[in-house]
Each structure stands twice: as structure tokens, then as C-alpha cells.
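**Student:** What follows is the residue order along each chain.
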Amino acid sequence: MTDMKVTEKTSAGLCDALFEEFDLLRNGLSDSHRASAVAKLAVQIINTKKLEIEAAAFHKAGMRFEPLALTASGIPIGR
Amino acid sequence: MSAEALKFSRKIDNDHVHGEAREKILTLVKEIDRVYKDHIKQPSGKLCHICGRGDTNEKYKAGTVLPGYQHRPEMSPILCYAHSCGWRLSFSRLEGKRKAEILSMPHRAAETKIAIIRTFFEDPVLTDEETDLHFAYYLANQLSKAKHETYQQPQFTADYR
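Residue numbers (the working numbering), protein chains in the order written: chain A, 1 to 79; chain B, 1 to 161.
With the rest of the complex left out, here is chain A:
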């Protein structure tokens, strides 16, 4: 069984993973489509993390969050 590559799940680990993608691109082992897909995925991860950091800052300031309850019928839009 080949060793599976695991990214360290930190911001610095994400940077390392992106640098690896640059290396693959330079060595012809990746292409611009794959690079674009990896970039989009990274942006999604970053946005989630940014939201977590913002929420943590609000929490630290004393703000409490109410959990959002989603029902089977969904939330009406446009009213």
C-alpha cells in the first residue's frame, strides 16, 4: 500500500500544500485546470477559517450565537 499524503490541517499546512501544487505545475505533473481547482478549494477553506476567526472574535467580545434551525420545509426567501 502506498503512503497516503496528508496535509497538515493548519494555515501553514495549507500554504505548504499550495506550494506543492506550484512544484507539480513547474515540473509538468499538473496543469492549469487542476491548479485552478486546487486554488478554488483553498479559497473555500480560507473563507471558512476566516469566518471561524471572526466568530471567535465576536464570542470573545461577549456575543452569543443562537443555532440556526433549518426545517424540512426550508426557510422562505423573498418575503
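Take the hints with a grain of salt, since some may be wrong.
With a Cα cut of at most 27 Å, we get these calculated DSS-like pairs of lysine-lysine [what the hints assert, rightly or not]:
hint: 1; chain 1: A; residue 1: Lys50; chain 2: B; residue 2: Lys7
hint: 2; chain 1: A; residue 1: Lys49; chain 2: B; residue 2: Lys97
hint: 3; chain 1: B; residue 1: Lys97; chain 2: A; residue 2: Lys40
For the record, the hints were derived by calculation from the structure and aren't laboratory data.
Since chain A is already given, all that's left is putting chain B on it; use the hints.
**Tutor:** Just chain B, lined up with the frame of chain A:
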């Protein structure tokens, strides 16, 4: 450091310092200048982690410590001059925005810039985690722009000495 050098140069540019003492000081200054120039002429030998290019010339080298990493230089990624300029711009924008938020003032307004200089000057306001995350965002942007044709094998620049 440059302020110290200026203070020193003013100190030795004094009529009271003359004769043998002046000669000795100037010899040492010349020696420091020679060591500095020899160091500057040396190629860094580093390659940009994004594009694989080396030094642009003896003034613009790859691998200078990036903004946001000054307090942990060993963690600073290696970038060429062009990419480090891009990062500097992106980082300073985020930092300016954060400082304006802390001051509760509108971002980009002239009075905000003056207030930022008066309040923070160069004090860091972003955490290491935020810096790393923003750097990852900068890398993702660079990656989305990447074209295989423009990304050649790593190449050192010619020895410019």
C-alpha cells in the same frame, strides 16, 4: 540600524575628532563598507517558491524576510522580488483595513491614514494565524492565475558579480 549609522556619521564628522583617531575611525568605516558590499554582491542562491526564479539583480534578491514574518524569519517563505512586492501590497492592504476597523474609522480616508500612523505606526495588529491564512489566500490567487507555459523549471539567475 540606519538611524544608528546616521548618528555615528554625525558624531565622527566633528572637528574635535582629528589626527590619528579620525584616521583609525575612517579605516574601520571603510572596512565595514567593504564587508557590506561584498555581502550585497553575493547571490542569495534562493529560488522563489512560486515561480522558481532567483535574484533579479544584486539589489532585488529572492528570499528577503516578508512583511508579517519579521518576528519569525525562519518561517518566512522564499519569494522573488516581484512576488514579494505583490505580497507586501496585499498584506499592507489587509493590515490597513484592520487598523481602520480598530480605530472605527473609514478605510482609505486621509484622516484614517494619519490616525493609523499616530496610533500604530508599524505595530503588528494581525495574528500569526491571520497572516498565514492571508498568505494562503495570496498563494491561491497566484495559483489560479498560473499557466503551465509560464512555469518553467527552476533556474538560478546568472552570477552578476
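**Student:** A separate judgement is required for each hint: does it hold in the structure or not?
**Tutor:** How the hints compare with the structure:
| no. | hint | in the structure |
| --- | --- | --- |
| 1 | A:Lys50 <-> B:Lys7 | violated (45 Å) |
| 2 | A:Lys49 <-> B:Lys97 | holds (18 Å) |
| 3 | B:Lys97 <-> A:Lys40 | holds (24 Å) |
In summary, the structure is inconsistent with hint 1 from the numbered list given earlier, while agreeing with all the others.
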